[in-house]
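Using the sequences and the hints, build the whole thing.
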Amino acid sequence: MKPPPFEYHAPRDLGAALRTLAEVDGKVLAGGQSLIPMLNMRLAAPAHLVDINRVGGLGASEVTPEGVRVGALARHAEVERAAAHPLLTRALKLVAHPVIRNRGTVVGSLVHADPAAELPAVLAVLGGSVRAARWDTAGGGPVLREVPAEEFFVGPMESALGPDELAVSAFFPALPEGSGAAFEEVSRRHGDYALAGVCAVVTVGADGAARARAACVGVGAGPVVVDLGELGPVRRAGWKAAAALVREATDPEEDIHATAAYRRHLVGVLAERALRNAAREGAAARGA
Amino acid sequence: MTTKLFGEPVQRREDPRLLTGQGRYLDDLGREALAAAFVRSPHAHARIRDIDVGPALDVEGLVAVYTWEDLPERVGRALPLLIPHPALTHGRTAYPLAREVVRHVGEPVVMVVATDRYAAEDACALIEVDYELRKPVVGLEEAVHGAQLVHEDVPGNVGAHLVQEVPAPGGHGAREAIEAAPHTLSFRLDIERSASMPLEGRGVYARWDGRDLRVYSSTQTSTSVRMAVAAALGLPLPQVEVIAPDVGGGFGVKIVHPWPEEVLVPWAAMTLGREVKWAEDRREHFISSAHERAQVQHVRVGFDDEGRVLGLDVSILHDHGAYTPYGIIVPIVTSTQLLGPYRVGAYRVEFTAVYTNTVQVTPYRGAGRPQGVFCMERTMDKIARHLGKDRTAVREANFIRPEEFPYDQGMIFQDGRPLIYDSGDYPEMLRMIKELIGWDSFERRPGRGIGIGCYVEGTGVGPYEGGHVQITSDGRVHVSTGLTSQGQGHETAFAQIAAAELGVPIERVSVVTGDTRRFAYAVGTFASRAAVVSGNAIALACRKVREKALRIAADALEADPADLDIADGLVHVAGTPSASIPLSTVAVLANPLRYAFDEEAAKATQFSGTASPDRPPVAEGEEPGLEGRDYYSPIRSTFAAGMHAAVVETDPDTAEIKVVRYAVVHDCGRLINPMIVEGQIHGGVAQGIGGALYERMVYDQHGQLVNASFMDFLMPYATEVPHVETDHLETPSPLNPLGIKGAGEAGVIPVSAVIASAVEDAEGFAVDRMPISPSELFEARRRNRG
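Protein chains in written order, with the numbering used here: chain W, 1 to 288; chain L, 289 to 1074.
Be aware that a few hints might be false.
[As the list claims (entries may be wrong)] Computed footprint of chain W on chain L, listed as stretches where at least three residues anywhere in the stretch have a Cβ under 8 angstroms from a Cβ of chain W:
{"no.": "1", "segment": "401-412"}
{"no.": "2", "segment": "568-574"}
{"no.": "3", "segment": "937-943"}
{"no.": "4", "segment": "986-996"}
{"no.": "5", "segment": "1061-1069"}
[Said to hold, decoys possible] Some chain L residues judged to face chain W by a derived CB distance under 10 angstroms, without partners named:
{"no.": "6", "residue": "Ala325"}
{"no.": "7", "residue": "Leu350"}
{"no.": "8", "residue": "Val351"}
{"no.": "9", "residue": "Phe687"}
{"no.": "10", "residue": "Tyr695"}
{"no.": "11", "residue": "Met699"}
{"no.": "12", "residue": "Met999"}
{"no.": "13", "residue": "Asp1000"}
{"no.": "14", "residue": "Pro1004"}
{"no.": "15", "residue": "Ala1006"}
{"no.": "16", "residue": "Thr1007"}
{"no.": "17", "residue": "Glu1008"}
Hints listed in this document are in silico derivations from the structure and should not be mistaken for laboratory results.
Owing to the predicted nature of the structure, the values given are computational and were not obtained by experimental measurement.
Glycine included, every Cβ here is placed at the ideal spot set by N, Cα and C.
Below, the structure is given as structure tokens:
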């Protein structure tokens, strides 16, 4: 379990990092919580490793009324402690174990795009985005683009980032006024990737009507987002029926840990729990 | 045995070292050694057509590459079949490197030696092996079908077949007894594969100085590795020494020897004239060491209205993987220990051990007992359900009574000796466990169940262990025994025995294990035997030393040895504390000296005037030095027992299974150290929870182990292991001087049975297959409730 040979780059600034990525067929190393095991098991064999840990300016997170922008080097644990976004904070507590959260990065987890991971679902349910940068060789400078979540997660372990691109930050929009959020999952052991999980945002309007949106993990090629739309008055919303809609939107696969039927069943159970919890919180926030 | 140390919860003396990173494990040694790595078969079954090492030769740092054809005849022989048995008619073992055919994914094919492990693995990745694929045999059903063969010369894939029959007192066989019984049941049980998974994998490091070979191995038996390596390399035994450094867990997998690597690494060190080391990585441990547990059992039982078993007929299919280096110990243990604390009218057990193209099966903590106990305890629960009786009442009706000991089960145990239980009190133990868990007041409701499981464990198997005890002139006591330690707390428990026997403070006692330079005769640490066999050997050696010390002190004090006692390191005349002599001085007197190298030594030199001029300095029949050596060889195993009970809750929606309480009553005879015993029980229960709810080795139809990493092979974390409540019963063993029984494996043995019992109670349908996951419980609900 030793990695195959690779060339190691440790750029000191963003420009150098982007230039390296433009020049070589490289893989970005941030927290390394997925990449290093994959290297050691020789499941990945990049010729170049671009370690961005020394790049200045990527660690900061920015909180505005619009939402939280998390820098590429912000660790799970830092973002969790900052508690700037209730759903993000809740989801981070479900990510693996404290030791992994001390090193792993939020943006790295998004780029890794594991369909069973929590953070892609959070970004997707909130309609957030990832900011990607690449080096424009002709122009001699960095070029940025903002990739919305629905375009970012392309498939299992596959994001929309180009080989020369670096995800420099991710933006998690703030919950609308009168909103509640919840993340429910079942994993085999504490901290494991979920067999199935559902995060939900329920927004209660000034009229008391609830709108809901959910995203599921572990039951599709990426986060499965279901916009449930308007569900009527929050006190009388049909959460069971809404949960059934979420369940029907998923098409999970069987693996050694769970049958497809069980996963699908879990989605229904967890969606109802998540929606009810989010609705309770949303109603309280609205004072309804 | 009068001082208080024996039986006290003395804190483990090894823990400060082991818990603060001061342990010295195999991979901490030999930093300058060359590193070995192996090309292992990616296929479950294939013929090797060609091996092209050419592409690897350019790797910087490469030192050597070996295939089977490069090995000398002696080194290239098939590995020994360690425990032959007449029923093992088709025993097969692997070659150190595959010879022509590979029979499981992970079998070593090429050995690479390089300056470091990175380079060695790079070279491995470049070596091209051309395989001609054969259809693999995966799973018991396919093996029994026999259409494909794992070994061409083993028809039907059957390695061993053994029928054991114990007729009822009236002479009826089990099948007759079942036919004649008022009630009968028959059913099938399944237990899946798991494995030892020690924190530290296997590993070996060898040094050759041109004459002597020193081997360090992460092993449970350094003396056996020594003999095996000497035999394989054709070296005289005195030229080979084997040392087990700190070993990070064994659980059975490290009792198998020699591993291919234990032959190849020392051979490479000799051939290259360089130090060579190999430390197993986790993937290698998954696919290249050993697994256990997998069995299918077909059970037929006949019983009376009280639930008393009149006849029991069990047919076991045992998956032995690709090879049988450790013989058929596992199914033998299952067959014999299945009977547990019960007297069964007539018993017939038959096992068929079959080969499959999977990792070989050798003992893993419990060693066949968890399967046997699962069978018997499921049977007890089914009888209770059939008769509408309380599950504990049915067990009680079948117990061997305390006055029936020694109780002969009429079979031959794994040590080749009669299966005779030496002592126990099962009704009392049942009373204790029911009280501890609150059996009679348990409030049952849907999704909440209680379960119980009972077992008897033959422990402390022979043939022997030895102990050597030396008191030096500084008053320190040096204890050594040949068997090894993998975290059991031997440094503490053996020191307690020595301190108590010799009357010295425990701080003055040090213990060395697993170093053939210090003690060359030993069997090993397995089968819950270390405390029983080495513990008693050390006690006997201490008694020799004590007797000698009293004899010498009596001379010096001009007293009768019978009037002397030792306390706090001082030999004194009973009732006259002032008339005393320290053991350190006795040690000086025990070794007459010519040269005074320090002040203490001066007292033993020829002009010091202490010795009588009329006698030789070392009296006839005496030896110099205050030391002694003795051995303990048990007549047969001593039988520990335990009963576990658990309360589980099953989620009605998610089918998650939560163990909310877990209780253990345990009897390992006299306790040397209750804290260590409880630690063993807790660790065992944790492993048992793994086996019951999490762990399984999943092979696909191609013979690929699809979960060969800790990502997908789920071992319980601390968060998954319940708090374990324990209570002890002490029925001393009459077989050994200290009255002790083994405790190492106990905790793991009944856990699957207990959890199955509790889940069944919570859900109301039969649970006959372990482990059980939430997904499986969900599917079982759908099958049973529609």
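These are the hints, each one checked on the structure:
1. Counting residues of the segment 401-412 of chain L whose CB falls under 8 angstroms from any CB of chain W gives 4; the rule of at least 3 is met.
2. Interface restraint, the segment 568-574 of chain L with chain W: holds (3 residues with C-beta to C-beta distance below 8 angstroms; minimum three).
3. Here the segment 937-943 of chain L counts 3 residues with a CB under 8 angstroms from a CB of chain W, which clears the bar of 3, and the coverage holds.
4. Under the rule that three or more residues need a Cβ within less than 8 angstroms of chain W, the assignment of the segment 986-996 of chain L holds, with 3 such residues.
5. Counting residues of the segment 1061-1069 of chain L whose CB lies closer than 8 angstroms to any CB of chain W gives 5, so the stated coverage by that chain holds, three being the minimum.
6. At its closest, the beta carbon of Ala325 of chain L sits 8 angstroms from a beta carbon of chain W; the interface hint therefore holds under the 10 angstroms criterion.
7. This hint is violated: Leu350 of chain L has a C-beta 13 angstroms from the nearest C-beta of chain W, more than the 10 angstroms allowed.
8. For Val351 of chain L, the interface hint is violated, since its Cβ never comes within 10 angstroms of a Cβ in chain W; the closest pair sits about 16 angstroms apart.
9. For the restraint placing Phe687 of chain L at the interface with chain W, the shortest Cβ-Cβ distance is roughly 37 angstroms, beyond the 10 angstroms limit, so the hint is violated.
10. The beta carbon of Tyr695 of chain L is not positioned within 10 angstroms of any beta carbon in chain W (closest approach about 42 angstroms), and the interface hint is therefore violated.
11. Hint status for Met699 of chain L: violated, given a least beta-carbon distance of 38 angstroms to chain W, over 10 angstroms.
12. For Met999 of chain L, the suggested interface contact is upheld, since its CB lies about 8 angstroms from the closest CB of chain W, less than 10 angstroms.
13. With 10 angstroms as the threshold, the beta carbon of Asp1000 of chain L comes within range of chain W, its nearest partner Cβ sitting at about 6 angstroms, so the hint holds.
14. Given the 10 angstroms rule on beta carbons, the hint for Pro1004 of chain L holds: about 7 angstroms separates it from the nearest Cβ of chain W.
15. A cut of 10 angstroms between beta carbons decides the hint on Ala1006 of chain L: the least distance to chain W is about 9 angstroms, and the hint holds.
16. At its closest, the beta carbon of Thr1007 of chain L sits 4 angstroms from a beta carbon of chain W; the interface hint therefore holds under the 10 angstroms criterion.
17. A least Cβ separation of about 5 angstroms between Glu1008 of chain L and chain W falls short of the 10 angstroms threshold, and the interface hint therefore holds.
Of the numbered hints stated above, those contradicted by the structure are hints 7, 8, 9, 10, 11, listed in ascending order.
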